[in-house]
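Turn these sequences into a full structure, and let the hints steer you where they fit.
So that you can map any letter, position 126 of the sequence shown is 108 in this note's numbering, and since no number is skipped, the others follow by simple counting.
It cannot be assumed that every hint is accurate.
[What the hints assert, rightly or not] Dumping the calculated DSSO-like pairs for lysine-lysine here, alpha-carbon to alpha-carbon at most 27 Å:
1. K208 with K168
2. K147 with K168
3. K207 with K168
4. K147 with K123
5. K131 with K188
Hints were generated in silico from the structure; no laboratory data involved. As the structure is a computational prediction, the values presented were derived from the model and not from experiment.
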Amino acid sequence: MTTNTGLIRFPTRIVLLALAGVAAAISLNDSLRAEGGAADVSAWDRSTHSAVRLLSGRDSGSSATITAAIEITLEPGWKTYWRYPGDSGVPPRFDFSASENVATVVAQFPAPKRFKDGNGTSIGYGERVIFPLRVIAKDPKKPVTLRGKFDYAICEKLCVPVDAKAMLTLQPATAATASVLATAVKRVPQTSELGAKALFAIIAAKREDGAKPRVVVDVAAPAGKKVDLFAEGPTQDWSLPLPEPIDGAPAGAQRFAFEIDGMPPGVSASGATLTLTATSDTDAIEVPFKLD
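In C-alpha cells form, the structure reads like this:
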C-alpha cells in the first residue's frame, strides 16, 4: 500500500529546535479514548492541547473510492500547520501504512490562513481543521479499516510536537458526518488555470527581474472580499517568501508580490513551476505558474 499525504516537506525551522526538550516534558497519549458516538467516527486521541480522530464517509455502494477525513481540534490560541508552514513550523505527516484492505490514501489540505507571531509569519489552521482523505480500497467488497499515525506540531507561545493514532473501519456516514465532510471538501483549493474567466481567479502572474527578482500576481475577486495568496516551490527543498499585498492592481483585482528567493543551493528558479494558492472566506483555488 502507498500513502500520499500531498505534503511538501521543508527543513525544521530554528524555532522548533527546542521541541526535543519540550517533548521530554510531555507525556503524549498513544491510546485511543472513546467518548461514545456513531460508528462513522473514531475515538478521539487527545494530547495536552489538541485532539485528533477519523471520520468515515463511505457510501452504501461498492465503489473502491471512499471519502474519509482527519479531524484535529485545538484549544483556543493554539494553531497547527499547512503543507507549507511559512517562516516557522513543520507540516503534518500522516501515515496509513498499517491500514487493512487499503491501496492508497491521499490527504487533501483545506485553505489555510496566515498567523503572525514573534517568529515571523506561519501558515496553518486554528481551532479546528478537517483534512479530507481519498481512500482507494484493494477490494471494495471487503471491510476497509484505516489505521493512522499522525505527527504534527501545535504552537501558541511554545511549539509542541504531537504523536497521535486513530483507527476506524469505514462505514456509511450519518447525515451529520456527511455534512461535515462535504463542507471540508469544499474548503480544499480547486485546481484552476492562469487567466481563468471566473469571479474568483488568478488572472495574471509575471516575473519581474531586477536587483531583487520577484513575482507579481493579480487575483480577481468581488469588491470587498478579503483575499490571501500563498506560493510554493516545485519540491520540498524550496522555501519561498510569503506573498504580500501591493498597490497597482487593475480594477476588480488585488495584487500580491514575493521575491524569487528560498531555492535549494545551486538550483535556478528559471523554468521552475510554482503553485499559487489564492483563498478567500468562501473560495480557494490553486494554479500552476512556470517561471520563464
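Each hint tested on the structure:
For the suggested pair K208 and K168, the alpha carbons sit about 18 Å apart, so the restraint of at most 27 Å is met. With a C-alpha separation of about 26 Å, the suggested pair K147 and K168 falls inside the 27 Å cut-off, and the hint holds. Using a Cα cut-off of 27 Å, the hinted pair K207 and K168 holds, with the two alpha carbons roughly 18 Å apart. For the proposed pair K147 and K123, the alpha carbon gap of about 26 Å is at most 27 Å, so the pair holds.
Using a Cα cut-off of 27 Å, the hinted pair K131 and K188 is violated, with the two alpha carbons roughly 41 Å apart.
Comparing the model with each numbered hint stated earlier shows that hint 5 is the single one that does not hold.
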